[in-house]
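Could you build the full structure based on these sequences and the hints that come with them?
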Amino acid sequence: MRNRSLLILTTAVTAGALTLTACGSRDDKGKGGDGSGEGGGITVTIGLDAPLTGELTALGLGIKNSADLAVNTANKKEYVKGVTFKLVALDDQAQPSSGQQNATKLVADKSVLGVVGPLNSGVAESMQKVFDDAKLVQVSPANTNPALSQGPNWASGDKKRGYKSYFRTATTDAIQGPFAAQYVFKDAKKTKAFIIDDKKTYGAGLAGTFKGEFEKLGGKVVGTQHIDPDTKDFSAVATQVKSSGADVVYYGGEYPAAGPLAKQIKEAGAKVTVVGGDALFSPEYVKLAGAAAAEGDIATSVGAPIESLNSAKEFLANYKAANYKEAFEAYGGYSYDSTWAIIEAVKKVVEGNGGKLPDDARAKVVEAVQGVSFEGVTGSVSFDEFGDTTNKQLTVYQVQGGAFKPVKSGTFGG
Amino acid sequence: MNELPQQLVNGLLLGSMYGLVAVGYTMVYGIVQLINFAHGEIFMTGGFGALTVWLILPGGTSMWVALPLMIIGAVIVATAIAVGAERFAYRPLRGGPRLAPLITAIGLSLALQYAVWVWYPEAKSARTFPQIPGGPIELGSVTIQTGDIFLVIAAPICMAFLAFFVMRTRTGRGMQATAQDPDTAKLMGVNTDRIIVIAFALGAVFAAVGAVAYGLKYGVVDYKMGFLLGLKAFTAAVLGGIGNIYGAMIGGLVLGVAETMATAYVDQIPGMEQLGGQSWANVWAFVLLIVVLLARPQGLLGERVADRA
Numbered sequence: 001m002r003n004r005s006l007l008i009l010t011t012a013v014t015a016g017a018l019t020l021t022a023c024g025s026r027d028d029k030g031k032g033g034d035g036s037g038e039g040g041g042i043t044v045t046i047g048l049d050a051p052l053t054g055e056l057t058a059l060g061l062g063i064k065n066s067a068d069l070a071v072n073t074a075n076k077k078e079y080v081k082g083v084t085f086k087l088v089a090l091d092d093q094a095q096p097s098s099g100q101q102n103a104t105k106l107v108a109d110k111s112v113l114g115v116v117g118p119l120n121s122g123v124a125e126s127m128q129k130v131f132d133d134a135k136l137v138q139v140s141p142a143n144t145n146p147a148l149s150q151g152p153n154w155a156s157g158d159k160k161r162g163y164k165s166y167f168r169t170a171t172t173d174a175i176q177g178p179f180a181a182q183y184v185f186k187d188a189k190k191t192k193a194f195i196i197d198d199k200k201t202y203g204a205g206l207a208g209t210f211k212g213e214f215e216k217l218g219g220k221v222v223g224t225q226h227i228d229p230d231t232k233d234f235s236a237v238a239t240q241v242k243s244s245g246a247d248v249v250y251y252g253g254e255y256p257a258a259g260p261l262a263k264q265i266k267e268a269g270a271k272v273t274v275v276g277g278d279a280l281f282s283p284e285y286v287k288l289a290g291a292a293a294a295e296g297d298i299a300t301s302v303g304a305p306i307e308s309l310n311s312a313k314e315f316l317a318n319y320k321a322a323n324y325k326e327a328f329e330a331y332g333g334y335s336y337d338s339t340w341a342i343i344e345a346v347k348k349v350v351e352g353n354g355g356k357l358p359d360d361a362r363a364k365v366v367e368a369v370q371g372v373s374f375e376g377v378t379g380s381v382s383f384d385e386f387g388d389t390t391n392k393q394l395t396v397y398q399v400q401g402g403a404f405k406p407v408k409s410g411t412f413g414g
Numbered sequence: 001m002n003e004l005p006q007q008l009v010n011g012l013l014l015g016s017m018y019g020l021v022a023v024g025y026t027m028v029y030g031i032v033q034l035i036n037f038a039h040g041e042i043f044m045t046g047g048f049g050a051l052t053v054w055l056i057l058p059g060g061t062s063m064w065v066a067l068p069l070m071i072i073g074a075v076i077v078a079t080a081i082a083v084g085a086e087r088f089a090y091r092p093l094r095g096g097p098r099l100a101p102l103i104t105a106i107g108l109s110l111a112l113q114y115a116v117w118v119w120y121p122e123a124k125s126a127r128t129f130p131q132i133p134g135g136p137i138e139l140g141s142v143t144i145q146t147g148d149i150f151l152v153i154a155a156p157i158c159m160a161f162l163a164f165f166v167m168r169t170r171t172g173r174g175m176q177a178t179a180q181d182p183d184t185a186k187l188m189g190v191n192t193d194r195i196i197v198i199a200f201a202l203g204a205v206f207a208a209v210g211a212v213a214y215g216l217k218y219g220v221v222d223y224k225m226g227f228l229l230g231l232k233a234f235t236a237a238v239l240g241g242i243g244n245i246y247g248a249m250i251g252g253l254v255l256g257v258a259e260t261m262a263t264a265y266v267d268q269i270p271g272m273e274q275l276g277g278q279s280w281a282n283v284w285a286f287v288l289l290i291v292v293l294l295a296r297p298q299g300l301l302g303e304r305v306a307d308r309a
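Note that the protein sequences, when read in sequence, are chains A and B.
So for the first sequence, the UniProt record's numbering puts the first residue at 1; every next one is plus one.
So for the second sequence, the UniProt record's numbering puts the first residue at 1; every next one is plus one.
Derived from the structure by calculation, the hints contain no laboratory data.
A couple of the hints might just be wrong.
[Stated by the list, open to error] Residues of chain A placed beyond 10 Å of chain B at every Cβ, according to the derived structure:
hint, residue
1, GLU78
2, VAL107
3, HIS226
4, LYS263
5, SER308
[What the hints assert, rightly or not] Here are the computed lysine-lysine pairs in the PhoX-like style, where the Cα-Cα straight-line distance is at most 20 Å:
hint, chain 1, residue 1, chain 2, residue 2
6, A, LYS405, A, LYS135
7, A, LYS356, A, LYS189
8, A, LYS287, B, LYS224
9, A, LYS77, A, LYS271
10, B, LYS124, A, LYS287
11, B, LYS124, A, LYS325
12, A, LYS186, A, LYS220
13, A, LYS76, A, LYS220
14, A, LYS135, A, LYS164
[To be verified] Label-pair restraints from in silico Cβ distances:
hint, chain 1, residue 1, chain 2, residue 2, range
15, A, VAL407, B, ILE56, 35 to 41 Å
16, A, LYS271, B, ALA111, 42 to 48 Å
17, A, LYS220, B, PRO133, 34 to 40 Å
18, B, ARG98, A, ALA291, 48 to 54 Å
19, A, ASN310, B, MET272, 52 to 58 Å
20, B, LEU69, A, ALA292, 23 to 29 Å
21, B, ALA111, A, ALA108, 43 to 49 Å
22, B, GLY140, A, VAL407, 34 to 40 Å
Even glycine gets a Cβ: it sits at the ideal position worked out from N, Cα and C.
In structure tokens form, the structure reads like this:
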């Protein structure tokens with residue numbers, strides 16, 4: 001009988017393990033701050049949290065490198081007299097649980113006066129309270145879920161800011177989804193949409209706002225699906241898309257699943273354009289879907305194309321000169337601006353206190369970030385009463401010749 | 001358009017891949033009564049073995065030349081790791097408490113994942129896998145993708161070969177004998193240690209072929225690909241009756257079809273809208289497993305599990 005009970009045990013373990021798919025956490029070690037600067041100056045640590053390993057590595061490393069560049073630039077310019085900035089980057093693997101652990105760790109390090117990150121809205125949800133309790137400012141370069149800043153009832157107009165310490169330089173899905181819907185319906189003239197999402201905070205939110213606007217414009221939703229982004233077999237979904245007769249697929253989710261999904265949908269023979277949000281706007285998407293399958297696909301992203309902005313020229317030149325191994329990707333500019341917002345705030349606090357850090361430096365920095373206003377890489381950077389960026393620019397990118405090219409830029413007008 | 005035939009084909013294709021990997025679980029279990037939880041990772045390293053061959057080959061090599069070499073590469077890597085695991089991780093624990101090798105297997109599984117993650121160049125995120133050129137095959141309303149053609153051909157060949165090997169060859173009969181009673185088999189002159197190594201190696205060969213099929217089907221390999229697929233294949237092995245190689249294949253096919261059907265049709269049943277879709281497919285797969293195990297604890301084709309208690 002022992003054999004059978006072992007079999008039952010292992011089956012139970014399997015079932016349990018499946019629900020915990022891909023959980024786990026790892027920390028960057030050996031980077032802890034000791035708080036001492038050279039020459040008796042002040043060292044201010046800026047924390048960073050992003051997925052530095054796992055499927056979203058490309059986006060995460062772009063965020064990390066850009067923040068690193070901002071810190072180095074500030075140090076080189078001696079932008080804040082007497083203050084040396086230091087970046088401590090932690091890996092959240094796109095997992096909310098790791099993000100929360102990292103947040104706790106950053107809060108415990110007294111030299112940390114601000115945090116850049118995270119990438120994922122779902123991760124941000126787990127961090128907000130930890131940071132807010134410690135009055136530690138957090139500026140995300142990439143979170144787009146409106147609820148993070150405007151509260152869970154934002155859609156019905158009841159906007160309420162939950163956490164005073166939370167800011168972001170990326171625009172929200174409340175305008176990104178509808179912006180995509182307008183482009184798809186009015187410019188690309190597609191009327192039958194199949195909507196797919198990954199049930200995560202970001203993906204489901206985006207798909208929801210797209211659907212609302214698309215139907216309002218007169219488009220027809222011919223099917224919906226929810227996928228498990230950890231699986232790679234989307235053949236059943238691809239067949240449904242094909243038989244639904246859709247001419248456009250809107251995917252709310254991220255490129256690691258979107259790439260294979262688009263590949264399988266196109267291969268199934270569906271004549272559709274795959275459209276998604278900023279988490280599809282990565283060269284990795286084209287790689288995973290295959291250049292041929294991805295051709296013509298569309299991703300919206302926050303802000304104007306970086307290459308076209310005057311304010312970005314210095315960033316582009318410096319990024320190149322710094323020889324980072326990885327590209328800055330979709331959120332590099334936002335990450336630079338997020339970091340710089342913290343640097344500006346620290347400058348204001350230090351200069352307002354006779355060149356020293358006040359005792360309640362963290363709380364003062366939160367206040368100062370609320371009031372920052374400067375020309376950043378992505379345009380003018382300042383925050384509204386919810387901590388959202390005042391810059392509501394968005395751009396539509398389309399895969400042409402194997403790479404995303406900007407096709408339309410603008411602000412969403414409701 | 002009636003999509004049922006296409007969905008059935010989708011399910012069968014997914015199921016054949018589960019089946020190929022499930023064979024490795026079932027054979028090892030049948031002979032040493034060990035659930036080799038690292039088998040999913042042996043599958044994964046097979047995928048990276050094939051990718052390595054592709055990267056070594058000069059650019060522009062035709063897929064018709066490259067594919068056989070990639071299969072050989074996958075088989076060599078997966079077999080080497082499986083045989084090494086047997087020799088250094090499982091054999092020292094043979095005869096020890098049952099749970100010891102099980103825990104070792106889970107440890108080995110994580111070790112292999114992170115070894116690839118740390119040492120394989122750029123394996124920290126998904127790596128693209130070369131594709132077969134050419135278009136899909138259309139059979140009436142059913143389309144078979146270019147990437148699936150390999151699976152359509154390889155899976156039946158592999159299964160036929162395995163049936164022949166186990167039923168007709170001396171070694172195969174040795175495996176059957178060892179599975180029935182290792183001590184008596186030893187007394188009859190069967191080298192059981194060798195048989196066990198062969199079981200591990202054969203399982204690895206099948207997993208390697210499965211991994212090449214995975215790469216061609218989905219266009220990517222990554223260090224985590226063995227985890228979920230390994231669990232599914234193990235489920236397929238249990239569903240079919242663990243220890244029975246035909247059961248593994250049947251279990252795989254049933255599981256694949258069940259998942260596909262759950263994705264395509266469950267949310268169309270009135271009142272079940274919230275429980276359908278691809279994100280629920282895993283849940284339905286396990287509901288099916290539990291239902292089968294309640295009705296037939298030995299699995300679809302299994303025999304009495306407790307014959308050696």
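Here's how the hints hold up against the structure:
The claim that A/GLU78 is not at the interface with chain B holds, since no C-beta of that chain comes within 10 Å of its own (minimum 35 Å). The claim that A/VAL107 lies off the interface holds: its Cβ sits roughly 27 Å from the closest Cβ of chain B, which is beyond the 10 Å cut-off. The non-interface label for A/HIS226 is inconsistent with chain B: the shortest C-beta to C-beta separation is roughly 4 Å, within 10 Å. Chain B draws A/LYS263 into its interface by the beta-carbon criterion, the shortest separation being 6 Å against a cut-off of 10 Å.
Non-interface call for A/SER308 relative to chain B: holds, since the shortest CB-CB distance, roughly 28 Å, exceeds 10 Å. Annotation: proposed proximity of A/LYS405 to A/LYS135 is violated, straight-line Cα distance about 40 Å (limit 20 Å). The hinted pair formed by A/LYS356 and A/LYS189 fails the criterion: a straight-line CA distance of about 59 Å is larger than 20 Å. For the hint linking A/LYS287 to B/LYS224, the alpha-carbon distance of about 18 Å falls within 20 Å, and the restraint holds.
Straight-line distance between C-alpha atoms of A/LYS77 and A/LYS271 comes to about 53 Å, which puts the hinted pair past the 20 Å bound. Of the pairs offered as hints, the one joining B/LYS124 and A/LYS287 holds, with about 15 Å between alpha carbons and a cut-off of 20 Å not exceeded. About 14 Å separates the Cα atoms of B/LYS124 and A/LYS325, which keeps this hinted pair within 20 Å; it holds. Straight-line distance between C-alpha atoms of A/LYS186 and A/LYS220 comes to about 13 Å, which keeps the hinted pair within the 20 Å bound.
For the given pair, A/LYS76 sits about 55 Å from A/LYS220 by alpha-carbon distance, which is inconsistent with the 20 Å threshold. This hinted pair checks out: A/LYS135 and A/LYS164 have alpha carbons roughly 8 Å apart, not beyond 20 Å. Judged by the Cβ atoms, the range 35 to 41 Å given for A/VAL407 and B/ILE56 holds: they are separated by roughly 39 Å. Between A/LYS271 and B/ALA111 the beta carbons are some 46 Å apart, a value that agrees with the proposed interval 42 to 48 Å.
Between A/LYS220 and B/PRO133 the beta carbons are some 36 Å apart, a value that agrees with the proposed interval 34 to 40 Å. Take B/ARG98 and A/ALA291: their Cβ atoms lie about 51 Å apart, and the range 48 to 54 Å holds. Under the hint 52 to 58 Å, the C-beta atoms of A/ASN310 and B/MET272, about 55 Å apart, fit the expected range. For B/LEU69 and A/ALA292, the hinted distance range of 23 to 29 Å is satisfied, since their beta carbons lie about 24 Å from each other.
The hinted window of 43 to 49 Å between B/ALA111 and A/ALA108 is violated, with their beta carbons roughly 31 Å apart. Distance hint check for B/GLY140 and A/VAL407: the Cβ-Cβ separation is about 39 Å, which falls inside the suggested range of 34 to 40 Å.
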